[in-house]
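Number of protein chains: 6
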Amino acid sequence: MRPDGRASDELRSVQIQPDFIIHPEGSVLITIGRTKVICNASIEDRVPPFLRGQKKGWITAEYSMLPRATPERTIRESSKGKVTGRTMEIQRLIGRALRSVVDLQAIGERTIWIDCDVIQADGGTRTASITGAFVAMVLALRRAQERKQVNHLPIKSYLAATSVGIHPVYGPVLDLCYKEDSTTDVDMNIVMNGHDEYIEIQGTGEEATFNENELADLLGLAKKGIHELIEVEKAVLGDLFNEQKVGSSK
Amino acid sequence: MRPDGRASDELRSVQIQPDFIIHPEGSVLITIGRTKVICNASIEDRVPPFLRGQKKGWITAEYSMLPRATPERTIRESSKGKVTGRTMEIQRLIGRALRSVVDLQAIGERTIWIDCDVIQADGGTRTASITGAFVAMVLALRRAQERKQVNHLPIKSYLAATSVGIHPVYGPVLDLCYKEDSTTDVDMNIVMNGHDEYIEIQGTGEEATFNENELADLLGLAKKGIHELIEVEKAVLGDLFNEQKVGSSK
Amino acid sequence: MRPDGRASDELRSVQIQPDFIIHPEGSVLITIGRTKVICNASIEDRVPPFLRGQKKGWITAEYSMLPRATPERTIRESSKGKVTGRTMEIQRLIGRALRSVVDLQAIGERTIWIDCDVIQADGGTRTASITGAFVAMVLALRRAQERKQVNHLPIKSYLAATSVGIHPVYGPVLDLCYKEDSTTDVDMNIVMNGHDEYIEIQGTGEEATFNENELADLLGLAKKGIHELIEVEKAVLGDLFNEQKVGSSK
Amino acid sequence: MRPDGRASDELRSVQIQPDFIIHPEGSVLITIGRTKVICNASIEDRVPPFLRGQKKGWITAEYSMLPRATPERTIRESSKGKVTGRTMEIQRLIGRALRSVVDLQAIGERTIWIDCDVIQADGGTRTASITGAFVAMVLALRRAQERKQVNHLPIKSYLAATSVGIHPVYGPVLDLCYKEDSTTDVDMNIVMNGHDEYIEIQGTGEEATFNENELADLLGLAKKGIHELIEVEKAVLGDLFNEQKVGSSK
Amino acid sequence: MRPDGRASDELRSVQIQPDFIIHPEGSVLITIGRTKVICNASIEDRVPPFLRGQKKGWITAEYSMLPRATPERTIRESSKGKVTGRTMEIQRLIGRALRSVVDLQAIGERTIWIDCDVIQADGGTRTASITGAFVAMVLALRRAQERKQVNHLPIKSYLAATSVGIHPVYGPVLDLCYKEDSTTDVDMNIVMNGHDEYIEIQGTGEEATFNENELADLLGLAKKGIHELIEVEKAVLGDLFNEQKVGSSK
Amino acid sequence: MRPDGRASDELRSVQIQPDFIIHPEGSVLITIGRTKVICNASIEDRVPPFLRGQKKGWITAEYSMLPRATPERTIRESSKGKVTGRTMEIQRLIGRALRSVVDLQAIGERTIWIDCDVIQADGGTRTASITGAFVAMVLALRRAQERKQVNHLPIKSYLAATSVGIHPVYGPVLDLCYKEDSTTDVDMNIVMNGHDEYIEIQGTGEEATFNENELADLLGLAKKGIHELIEVEKAVLGDLFNEQKVGSSK
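Chains as they are written, first to last, in the UniProt record's numbering: chain A, 1 to 250; chain B, 1 to 250; chain C, 1 to 250; chain D, 1 to 250; chain E, 1 to 250; chain F, 1 to 250.
FYI, nobody ran anything at the bench for these hints, they're computed from the structure. The C-beta atom is built at its ideal place from N, Cα and C for all residues, glycine as well. Worth double-checking, as some hints may not be accurate.
So these bits of chain F aren't anywhere near chain D, every CB distance computed over 12 angstroms [said to hold, decoys possible]:
#1 P24
#2 R34
#3 P67
#4 T70
#5 G81
#6 R142
#7 Q145
#8 K223
#9 V232
Straight-line distance between alpha carbons at most 30 angstroms, and here's what the computed DSSO-like set of lysine-lysine pairs gives [what the hints assert, rightly or not]:
#10 B:K148 - B:K56
#11 A:K156 - D:K179
#12 F:K56 - E:K82
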């Protein structure tokens, strides 16, 4: 039995509250167990220098934790004057994941800025950020559609992410809370789209290893979790692809 | 009539939600109109180098805004690699204000870290931060009392802050929202304690000035607003000073 | 009796030496007691990006202390690689104060850079900087007039600043030297123009407070000191506003 | 046929030249095709603060590219004053990979610093760095054994890394050169030990995806490549584990 | 004839005003023509980490220019957040030069901090800094003698520095002002002690060269200038070495 | 007898391996004794802002050491986030030296970037960098000639650099290895062109001095060494000036 009584293939409770902050084009608060992340999506009418003139857009992400999102206070990165390697890794991961499901040509020379700010952390903040950011981004793109900046919703698929790991006591488990994560040797983050395709697999066995069978178990758990997360997204966003057909039939 | 229909001496709606984040020793979400600030107080068992060995504590504050707390996305200070002058000014102000109502000897060689993170901004974020941080700090000190780190609540008075200004149309007004603030020439932040004493007056007339009569009007409005804010604090915290007498009679 | 024998409402000796450094458009050495600040004003033919195309100018200030302006050597900010919060606060204050008395439209798309470098400190460096910088700026604007960059002296009023405080022994006093400042609980910096109007009031009672009567005493002392400082300015600059009428009558 | 005529499951030519630089405890130049990385291992007699007093060691890695390791000159990170996110990601990956095959208790309170400096890049620099760094680290630990700092070679397994990808023309391929890498949608770096166990899987499909069958193909190619790389390591290092048994039988 | 009418082997007018700033242990204002540098020497009772426990002292220098020391305003290094290469070179040169004439054992585990702040520049600021800093340092060491921190004046020789150059019109010249310096191809800074020995020769011919005969001319001019500078030092400091004998005969 | 058995006027063994790295326009590995420096020259089709529109080019250099180029590991400058004063000094020296032998008008609005990366250090890295960089730069300019970017080889002379010093035991010596350098009081770097003209003399006697006769000895040794280094350059590059005459006779 896991610390919070879950089965090994059971997600924590998931809520996605849309329109959480009033200013951004898209905003959600995603809550997964005790992990809470504010995900905001902003649309800027220009692209970074390396893309200028290429008639396509860009998606970039920033990730941060409030100092007391964690049990011990963490020093603020703005006070240190630099962003840690961990933060950079997560930011790059979120950006790549979101870009895989957006038609960048269709958004034109615009940048979608994703800001994921963890206000309370209990494990799985990077995968919660991806899932929440996907919803915030879709909300922002709907706003862009209303403003006639894009003429259809330029989304190719749903997208969600979760973590899996091999715990020395509970074995392969889905959606690790912090207490599990800190005692797990093998840890894997999986990002998938709505067609059961992998966007990203990041598995690491610090001071541990995993074999082919264990890998298969982990991938199976992740697929189940991502199916459920996409159901939560659908409850918030509706069915994107029927809507989109309607949109494009005009 | 002000843009949101308030009278010139009327505060916006104020809520202080205690225990907002689970990890900090003290945590509140303060909402003033559409301004929302998470105020967390952490207790660390050491003091900065300049105070070591002096048998007294310290209170220090950090302030930050999420990039989309504002109508336009603001660049994250951690990405810029430095903290702006505005942020530093606000941090120093919050720290000074809180230190004025705490018995630093009584908390021993400990630091209270105050983190004010603005998740949604609509004017008055620095004064909302002070008011919210006061409540978070009292909650943290009660936790310290429960843990026998201090033997009474080392608070000398209530504390609250508000902004006042002279608007070219509405005249002297209390508690400016962003729309008012951005069109106001003279702007003043006032911090007072529960004994009607000033802790801090910061009045500035960029490209404008104010005379002695106008100053008197502004100080009067501020006093009224601070009385009302302290009533909200009492509703959350109870009556601190009867409690404290009881505590110290043991 | 105060440490240097002054009455409570008495300024230290004030000298303003014009044309102190040969290169700047305007330059003074201001000496107030043992505090010495070199104030240089430079005119640059462009404005910061946020003002481009708006047909108005800007005034910005930088403030620094030589490492041995102080009794103990202070680490150089260029060596630390960053500017402290205190420095930023002072820089912002000087800039705001000067902008309040200049017709920014009249100077066109130009920036006036103010550099205040404290070569010897004995309290009151930020207020001495404002007073000295005002004179350096007027000298620079006269140079601009000679060069036909502006067609009248775009100054709306005299400007000066001083500090006042409540000392535990001497009570309310004007123009604190370092020894007084370091033992004073309540400290206030006041910037006023030549029409007895406030530009800035910054009063703070770190670990102390002040009531309404004390505030009135402090404001009275400041007004007296600022009147005297403006007399010193007039001795250096002549009567700006008769001159200006003459100038504009051509 | 791939651009350099290789079969899809064929590694480029691999050389590992030991004792390349004279000063480090362990040093190799690893050449994979046209990619050349100097890998140096240094042993320092202390550990980072978070490990002090725990009687175990640490392994940390730094990675850098000479500005003209690449076809276009890249700005030096020391000139920019900060390390990019890509560099941090690679450094963290190299460190984690090496720590997975070392008995950190056995090396005592020492840090092994790994420096991977790419002097010529043609794809696969991060995986070449891991493979080269493993050899340099073993050479350094043998030096430590000679100096009686450790009493056996504290290595648990061989370790190697390679890249695989799905190319739009050639399909799944092993060991991508830069020309292939830049036109490949799905890219995966695999780190394995000498027991066919995974240490790290990092697969990403920027603007692309991969399904379960494709994943299986990629993992198969990687395993073949890693077997061959470990043979090259054995040619340089000899058979580590017979040696080690002899050592531990003393 | 040179621009200011000097002969080719003629120094500009030199003044050294002792005790210029009240706080430092040693302070001078050195004026050479229109170049003015405040040189302060501070004594700190500890040495940098690399010297701890070695029972010897250290001398380190910092150099800076006020933004309007120059005809065009220079950006402040504290605002840029870093010190330029030119500044670092000068700081290292000043420190090396001063260390060559001090008995570092005799000053014990103390650091002499030299701060050279150029308030007005007209060529030759680095050599004026060395000459001025020597005098400030001797004044500080006399203060240390009075305080019984050292039991004799630990100075081995006088020290001075000057610049020489080959001007396309005037030929080899001594003590270049800015106007000459900016049109001179070959430029050399020479530091010598009171025994006609070289401490430092830094000669550079950017986009130009110099041959052996020209080198001999330049060295001859420098020697003459340094003799005269040492006479100015003696006028301020008195005869150090008779004094020192008296001191050591006690 | 010197530690490695050389005569006092004897260079270490010198090799210059052209085309060491494949990507740069010019690349060499220079080996002087055990000192090894990779020198790469890159041509960029633009100049720094201060030269734009002036129809001339620029040459700029960067210098770095791998962390284990030295017996003890040196912290990487990219990790420290800043470049040391020593590195800046060397970079400026290399740039100035190379600019003295190039016709900057003839290269047009282009920048030649020189990267000197020391992979193994044993004294004399800055002078080896200059000598190696000269050869890499000539190779790059020949590439520019082939590409018709320049119509003749815009080189005015050969260029080489060496170090000399006064060793307490061996007396004046040429080409110091690290062991000699670290025990030598007076140390001088000399850069000369192929016409026996000085480009740069940097002589310093930290905690020591040198007189006129010693200076003459040092300059004589340097001239001999530089003659020999230029012979090595000619063996790699051929006779530049016969070639150039041919080129310009077209």
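Hint check:
no.: 1; hint: P24; verdict: violated (4 angstroms)
no.: 2; hint: R34; verdict: violated (7 angstroms)
no.: 3; hint: P67; verdict: violated (5 angstroms)
no.: 4; hint: T70; verdict: violated (6 angstroms)
no.: 5; hint: G81; verdict: violated (5 angstroms)
no.: 6; hint: R142; verdict: holds (17 angstroms)
no.: 7; hint: Q145; verdict: holds (20 angstroms)
no.: 8; hint: K223; verdict: holds (31 angstroms)
no.: 9; hint: V232; verdict: holds (22 angstroms)
no.: 10; hint: B:K148 - B:K56; verdict: holds (17 angstroms)
no.: 11; hint: A:K156 - D:K179; verdict: holds (28 angstroms)
no.: 12; hint: F:K56 - E:K82; verdict: holds (29 angstroms)
Figure legend: structure checked against the earlier numbered hints; hints not met, in rising order: 1, 2, 3, 4 and 5.
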